[in-house]
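Numbering (my numbering), first residue to last: -19 to 105.
Source of the hints: derived by calculation from the structure; they are not laboratory data. For each residue, glycine too, the CB sits at the ideal point set by N, CA and C. Be a bit skeptical, because a hint or two may be false.
[To be verified] Quick list of the computed label-pair ranges, beta carbon to beta carbon: (1) 33 / 78: 18 to 26 Å; (2) 69 / 37: 29 to 37 Å; (3) 30 / 105: 27 to 35 Å; (4) 55 / 35: 14 to 22 Å; (5) 31 / 55: 26 to 34 Å; (6) 23 / 50: 30 to 38 Å; (7) 34 / 13: 24 to 32 Å; (8) 10 / 37: 25 to 33 Å; (9) 38 / 87: 16 to 24 Å; (10) 42 / 79: 28 to 36 Å; (11) 72 / 29: 18 to 26 Å.
[To be verified] Pairs of lysine-lysine, PhoX-like flavour, derived with a Cα cap of 20 Å: (12) 23 / 105; (13) 81 / 23; (14) 105 / 88; (15) 88 / 23.
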Amino acid sequence: MPVKLYQIWIVAALLTALMSCETGEVFGPSPERTLTATPWVLKRFEYTQDDETLFVGCNLYHFYTNYTYLRSTCGGDTISQGPWEFQQDRSYIKIGPNTFKVVSLSQKVMTLRYGDVELCFLPVK
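Just need the whole structure built from these sequences, with the hints factored in.
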């Protein structure tokens, strides 16, 4: 009987710890710092309605602290550049003329949604 109570206590403690870590935020406390700390490489497009994934060539996105961005090839050729800004409590990000829903932003991955398309970015280390 004491072993069963011990197991229940362990499970309850683990569940409490897991639930207390969930904040509901899609990014950490400083998304600007996370976004501008390193260039990001666009890895894939995911069409959410068709459950289809397209892998893309090498596109680098550099986000700067002066709220400008530069999109380039991995060879260094500029594709586009312009302003960027977070909108609506950082739930959205406007990059040039396009506005994306911020699905997640961490030091390991950034996922943005544009309509039925999700764009997955990874940081360049």
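These are the hints, each one checked on the structure:
| no. | hint | in the structure |
| --- | --- | --- |
| 1 | 33 / 78: 18 to 26 Å | holds, 20 Å |
| 2 | 69 / 37: 29 to 37 Å | holds, 33 Å |
| 3 | 30 / 105: 27 to 35 Å | holds, 32 Å |
| 4 | 55 / 35: 14 to 22 Å | holds, 18 Å |
| 5 | 31 / 55: 26 to 34 Å | holds, 32 Å |
| 6 | 23 / 50: 30 to 38 Å | violated, 18 Å |
| 7 | 34 / 13: 24 to 32 Å | holds, 30 Å |
| 8 | 10 / 37: 25 to 33 Å | holds, 31 Å |
| 9 | 38 / 87: 16 to 24 Å | holds, 21 Å |
| 10 | 42 / 79: 28 to 36 Å | violated, 19 Å |
| 11 | 72 / 29: 18 to 26 Å | holds, 20 Å |
| 12 | 23 / 105 | holds, 14 Å |
| 13 | 81 / 23 | holds, 17 Å |
| 14 | 105 / 88 | holds, 10 Å |
| 15 | 88 / 23 | holds, 13 Å |
Violation of the numbered hints given earlier is confined to hints 6 and 10; the remaining hints are satisfied by the structure.
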